[in-house]
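Colleague: Work out the full structure, taking the sequences as your base and the hints as a guide.
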Amino acid sequence: MVNRVPVYNLYMGCSVPANYPNYEAAMMKVAEALGMEFEYMPDVACCGSPNLRAIDYFGWLVVNGRTLAIAEKNGHDILTPCNGCFGSLKDVQHHLKHDSEDRARVNKELRKHDLEFKGTIKVRHLVEAIYTDIGPDEIRRKITKPLDGVGIAIHYGCHLLRPADVTEFKPEMLEELVRATGAKVVEYPLWKQCCGATILPVNEPLAIRLARDKIRSMKEAGAEYATVVCPACGNQLDLQQLGLKESYGEVYDLPVLLYPQILALALGIGEDAVGLRMNRVAADSILGHLKG
Amino acid sequence: MAESKQTSGKPMTLVDPIDMSLLDAKFRDDIKSMPDGEELSACFACSTCTAACPIANQWTYKPHQLIRMILLGMREEVLSGKEIWECLTCFQCQERCPQKVRITDIFFDCKNLAAESGKVPEKVLAIAKELIDKGQLYVVTSDWEREDLGLEAAVPGLSTDGIRAILKETRTGRLVKGGE
Chain A
1 MVNRVPVYNL YMGCSVPANY PNYEAAMMKV AEALGMEFEY MPDVACCGSP NLRAIDYFGW
61 LVVNGRTLAI AEKNGHDILT PCNGCFGSLK DVQHHLKHDS EDRARVNKEL RKHDLEFKGT
121 IKVRHLVEAI YTDIGPDEIR RKITKPLDGV GIAIHYGCHL LRPADVTEFK PEMLEELVRA
181 TGAKVVEYPL WKQCCGATIL PVNEPLAIRL ARDKIRSMKE AGAEYATVVC PACGNQLDLQ
241 QLGLKESYGE VYDLPVLLYP QILALALGIG EDAVGLRMNR VAADSILGHL KG
Chain B
293 MAESKQTSGK PMTLVDPIDM SLLDAKFRDD IKSMPDGEEL SACFACSTCT AACPIANQWT
353 YKPHQLIRMI LLGMREEVLS GKEIWECLTC FQCQERCPQK VRITDIFFDC KNLAAESGKV
413 PEKVLAIAKE LIDKGQLYVV TSDWEREDLG LEAAVPGLST DGIRAILKET RTGRLVKGGE
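Chains as they are written, first to last, in the numbering used here: chain A, 1 to 292; chain B, 293 to 472.
The reader is advised that the hints may include incorrect statements.
[Unchecked claim] Chain B regions said to be covered by chain A (calculated; three or more residues, Cβ under 8 Å): (1) 381 to 392; (2) 450 to 456.
[Unchecked claim] Take a look, some chain A residues computed to stay more than 12 Å from chain B by CB distance: (3) Val5; (4) Pro6; (5) Leu34; (6) Glu175; (7) Leu244.
[Stated by the list, open to error] Here are the simulated DSSO-like cross-link-like pairs (lysine-lysine), alpha carbons at most 27 Å apart as the crow flies: (8) Lys112(A) to Lys469(B); (9) Lys426(B) to Lys112(A); (10) Lys460(B) to Lys108(A); (11) Lys469(B) to Lys421(B).
To be clear, the hints were calculated from the coordinates, so they are not data collected in a lab. Ideal Cβ placement from N, Cα and C applies to all residues, glycine included.
Modeller: Encoded structure:
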C-alpha cells in the first residue's frame, strides 16, 4: 500500500472559528502530528444549523448541497469538527442521494453558479476520520505522554450519533480514541442524552437543566474530566457550567476538553498550542495526568 | 385511584374530547408528502417515542400524541403549539420507534408547515435574519485569540455571499421580509 497522506476539504462552519479557536488550533496540531492534510474550503460559510432546516427545508438543502458540490470539485472528502455541520451535511447528502426530485430542484439552483451535486464524496466528522484513516493503534505508537488512566466521560452529541442510518457513526470509535490516549472511559447513565443546545432560543431554562443533568450524571459516575467534539455541546457543558452556581446553587467543577486537545497533549504538544487556558472550567489540572 | 372519588360534574378524561368538525384530513397527506412522512401511518401509538423523549414531561402533548394528532388532522393544535419548536432534535424517539416512523424528522416537517404560514418563534426568526444579514450564526470577533493560537485572524476561505444569495430567494428571505 502506498503511504499516502490523506487530504480533506476542511469545512469549519461558523461556531468553531468564532467561539472555539482552541478546538481549531488543537485539530490542526493533531492533523500535523498524524499526517492528515486539512485544506480550508473556499467560498463557504455557515450550514444554517437545525434552525434553518426547521424553517426553510429547501433553503437548507441548497446551502448544504452547494457546500458539498464545491467539495466535490477536487474529489476529496469533506471534514468538519462540528456536530451541527456534520448533521446538516450528512443529512442533506443522504436526502439528495435518495430523492431524485429534490436533487433535480437543488441542482437547478446550483447550476446558476456552475455547480452540481453528484454525491461523489463522503462527509466525515473529524473524530471518525481520525479513527478510520489513522486508527487507535497508530495513535498509540505516536503518543509520547500518555494519560495515567484518569476517568473521562464522553459526550458524543446527538447529531454525531443519530439518526444512525444517516450519520453512520458508532460510539465505539470515540471510545477507542479516548482509550488510545491512556485515559479511562467513564460510563454514565445519561450518556445518550442531549446537551440541550438546540432549544436555547425557545426555552433557555430547560436547555440549561438538560446540560446540568448531564454534568451531574457524569460527575456522579466518577468522571474527573469530560470530552466533547462539538462547539454547541462544548458551550452547554463547559460555559453553562459556570452559571449553575447561580441557577441551581451547584458547583460541579468538571473540566470539559475538546477531544483533539486531549489527543494533542498526549502527543506531546504544549498546552498553549491547544489553547487550554481558553476552556471555561479550568482544565490545566489534566497536565498532571500526563506521563512521560 | 384518586379519580374514582369524583362522582359529579364532567367525567374525567385524559384529553379533552376532539371536535370532529375541526379535523383537517389533508394535514396527514401534507406530512406524508414531505421528505420524511412516508411511514407516518405505521404508528400504532405504543408511546415508545414518549418514553425516549427527555423533555416529554414538559409538554401538554407528548410525542406519540402529536403523531396521533397529525393522523387525525389536528393541524391547528400541532402547528400552533410550543412542542414542535421545543423538540431537541436529539432523534432518540426516532431511533427507538419500532415502526420506523421518522418522528424527529416529521417534527421538522411540521415546523416547515408552521413557518410557511408565518408561525415562527421570535428568536428563531432572529436567527433567520442573522443568516440573511451576516450569512452565518457566529462571526469571529476576537481575532487576536485566533492569532495567539497560530491561526489566521480571518477564517481562510470564508465567504458569506453564497449562503446569503440563496436564502434571500427561499422561505428564509420571505420570513425575514414579512417580519420587518
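Colleague: Does each hint hold? Answer for all of them.
Modeller: Each hint, compared with the structure:
1. Restraint check on the region 381 to 392 of chain B versus chain A: 6 residues with Cβ-Cβ distances below 8 Å, three needed, restraint holds.
2. With 6 residues carrying a beta carbon less than 8 Å from a beta carbon of chain A, the region 450 to 456 of chain B meets the three-residue requirement, and the given coverage holds.
3. Against chain B, the non-interface label of valine 5(A) holds: every CB pair exceeds 12 Å, the least being about 19 Å.
4. Listed as a non-interface residue, proline 6(A) keeps its Cβ farther than 12 Å from every Cβ of chain B; the least gap is roughly 19 Å.
5. Separation of leucine 34(A) from chain B is adequate, the least Cβ-Cβ distance of about 17 Å exceeding the 12 Å criterion.
6. The beta carbon of glutamate 175(A) is kept farther than 12 Å from every beta carbon of chain B, the shortest such distance being approximately 18 Å.
7. No Cβ of chain B approaches the Cβ of leucine 244(A) within 12 Å, the least distance being about 18 Å, so the stated non-interface status holds.
8. For the hint linking lysine 112(A) to lysine 469(B), the alpha-carbon distance of about 24 Å falls within 27 Å, and the restraint holds.
9. About 22 Å separates the Cα atoms of lysine 426(B) and lysine 112(A), which keeps this hinted pair within 27 Å; it holds.
10. At most 27 Å may separate the alpha-carbon atoms for a hinted pair to count; lysine 460(B) and lysine 108(A) meet this at roughly 16 Å.
11. Annotation: proposed proximity of lysine 469(B) to lysine 421(B) holds, straight-line Cα distance about 9 Å (limit 27 Å).
Checked against the numbered hints listed earlier, the structure breaks none of them; every hint is satisfied.
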